[in-house]
Amino acid sequence: MKFSTIGVVGAGTIGIGVITDLVLHGLHAVVVEISDAAQRKAKAEVLKNIRFAPMFSKTLPRTSREDALRRMTFSNELRDLARCEFVIENVPEKWEIKRPIYEQLDSFMPPAVCFGVNTSCITIARVAAVTQRPAQIIGLHAMNPVHLMPTVEVIRSEHTSDDTVATLQALFAQLGKQAIIVNDSPGFVSNRISHLFMNEAACVLQDQVSTAEQIDQIFKQCFGHKMGPLETADLIGLDTVANSLDVLYDSFQDPKFRCCPLLRELVEAGHLGRKTGRGFFTYPEALDL
Amino acid sequence: MNATDEKPIREKIRAFILASIHVPDLADDDNLFESGIVNSLFAVQLMTFIEKTFGIEVGMDDLEIANFKSIEASADFVIRKKAQPETV
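Protein chains in written order, with my numbering: chain A, 1 to 289; chain B, 1 to 88.
Chain A with its partners taken away, still in its complex shape:
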């Protein structure tokens, strides 16, 4: 199967990366995003990503600004996805937002179309249960910057069919990506582990054991990680991290997933990390770049 047009729901941080990846590889992205401001930002960010992509990967295709613009269509109506061959959903990690989107998509999308749930923690089975096509629902946990990451955590629920897995792998083949396929469980592999790191790092900071810089330096300089837990949280978005911790806490009823009060305070103050210019760290140029 060769894909040409992919639907993208939600053009936040990860959605922008998904659009970039599709456009770079010659696919057409039909993007549904309800916020006009987010649409404008997404278009600008995608163009910036495409422009600078050759510096970070010699294997990524080069794409002109004109071609990139031709390959992106923005809308605020889900029904504009009707002709898409696959849909990738990237809306915030809140069930009350995700649920109605799947119910609506399921009502008008052709029955053969598969939906990729780009989720951090919500289980794929929960999404599948609100559709009439549970075998065609598959999780894909892409990470930022999506177009530079060669591998994606893919989640199959007990309903996901082999055909759906093969369909997603065919799409990934066009994008030059590999899948690591894991079973369905809240937070899957990556976030069930990484969010404990990030949350505990916030607790260590709150307890004044060390500075934010020291926490991240220990992970980078002693463990050899590329990024520390606090700058990773800032990159993901502190609202997303807090939402994901809430889902993990609700799912497992285990206090180890309880969101650190400092993390919650930052979110309530609107300090959401890199995207707002301030989180655990400050990003002086983030707002106007």
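Any given hint could turn out to be false.
[To be verified] With a Cα cut of at most 25 Å, we get these calculated DMTMM-like pairs of lysine to aspartate or glutamate: (1) Lys48(A) / Glu64(B); (2) Lys41(A) / Glu57(B); (3) Lys58(A) / Asp61(B); (4) Lys69(B) / Glu213(A); (5) Lys226(A) / Glu72(B); (6) Lys226(A) / Asp25(B); (7) Lys226(A) / Asp30(B); (8) Lys220(A) / Asp25(B); (9) Lys69(B) / Asp5(B); (10) Lys43(A) / Glu51(B); (11) Lys48(A) / Asp76(B); (12) Lys275(A) / Glu51(B); (13) Lys12(B) / Glu213(A); (14) Lys48(A) / Asp62(B); (15) Lys52(B) / Asp25(B); (16) Lys220(A) / Asp28(B); (17) Lys82(B) / Glu51(B); (18) Lys82(B) / Asp5(B); (19) Lys58(A) / Glu57(B); (20) Lys2(A) / Asp163(A); (21) Lys52(B) / Glu66(A); (22) Lys81(B) / Asp29(B); (23) Lys220(A) / Asp30(B); (24) Lys226(A) / Glu64(B).
[Unchecked claim] Here are the in silico distance ranges between beta carbons for each label pair: (25) Pro150(A) / Gln84(B): 32 to 38 Å; (26) Glu6(B) / Gln221(A): 30 to 36 Å; (27) Ile218(A) / Asn31(B): 20 to 26 Å; (28) Ala27(B) / Ile181(A): 42 to 48 Å; (29) Arg83(A) / Asp61(B): 36 to 42 Å; (30) Ala173(A) / Gln84(B): 38 to 44 Å.
[What the hints assert, rightly or not] If you want the ones that stay clear, here's a sample from chain B, every Cβ over 12 Å from chain A, calculated: (31) Asp5; (32) Asn31; (33) Asp76.
FYI, nobody ran anything at the bench for these hints, they're computed from the structure.
Note that the structure is a prediction, hence the values are computed from the model and not measured.
Just so it is clear, CB atoms sit at the ideal spot from N, CA and C, and this is done for glycine as well.
Chain B: place on chain A using the hints.
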């Protein structure tokens, strides 16, 4: 361009990097990428900062890590670009 012109360019780049990546200090020739100090996301921010601050354009042929690998390399890049005649 002489040494007195180079210094403010270097200092502006240094101030931006230090304010953005949360390390106490950097030598002019510290390799930002090899040391793991920065990642690709920051590199894009740095290039965008350089374009806006110094009124130059990073072209397709300039997209090499070597041009931005350190404060010194970034300042040299700005000086080279500013010395080039503008094309219409």
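How the hints compare with the structure:
no. : hint                             : in the structure
1   : Lys48(A) / Glu64(B)              : holds (16 Å)
2   : Lys41(A) / Glu57(B)              : holds (21 Å)
3   : Lys58(A) / Asp61(B)              : holds (13 Å)
4   : Lys69(B) / Glu213(A)             : holds (22 Å)
5   : Lys226(A) / Glu72(B)             : holds (23 Å)
6   : Lys226(A) / Asp25(B)             : holds (19 Å)
7   : Lys226(A) / Asp30(B)             : holds (17 Å)
8   : Lys220(A) / Asp25(B)             : holds (17 Å)
9   : Lys69(B) / Asp5(B)               : holds (21 Å)
10  : Lys43(A) / Glu51(B)              : holds (19 Å)
11  : Lys48(A) / Asp76(B)              : holds (23 Å)
12  : Lys275(A) / Glu51(B)             : holds (20 Å)
13  : Lys12(B) / Glu213(A)             : holds (22 Å)
14  : Lys48(A) / Asp62(B)              : holds (15 Å)
15  : Lys52(B) / Asp25(B)              : holds (24 Å)
16  : Lys220(A) / Asp28(B)             : holds (21 Å)
17  : Lys82(B) / Glu51(B)              : holds (11 Å)
18  : Lys82(B) / Asp5(B)               : holds (11 Å)
19  : Lys58(A) / Glu57(B)              : holds (21 Å)
20  : Lys2(A) / Asp163(A)              : holds (14 Å)
21  : Lys52(B) / Glu66(A)              : holds (22 Å)
22  : Lys81(B) / Asp29(B)              : holds (20 Å)
23  : Lys220(A) / Asp30(B)             : holds (17 Å)
24  : Lys226(A) / Glu64(B)             : holds (20 Å)
25  : Pro150(A) / Gln84(B): 32 to 38 Å : holds (36 Å)
26  : Glu6(B) / Gln221(A): 30 to 36 Å  : holds (31 Å)
27  : Ile218(A) / Asn31(B): 20 to 26 Å : holds (21 Å)
28  : Ala27(B) / Ile181(A): 42 to 48 Å : holds (45 Å)
29  : Arg83(A) / Asp61(B): 36 to 42 Å  : holds (38 Å)
30  : Ala173(A) / Gln84(B): 38 to 44 Å : holds (42 Å)
31  : Asp5                             : holds (23 Å)
32  : Asn31                            : holds (15 Å)
33  : Asp76                            : holds (17 Å)
In this structure, every one of the numbered hints holds.
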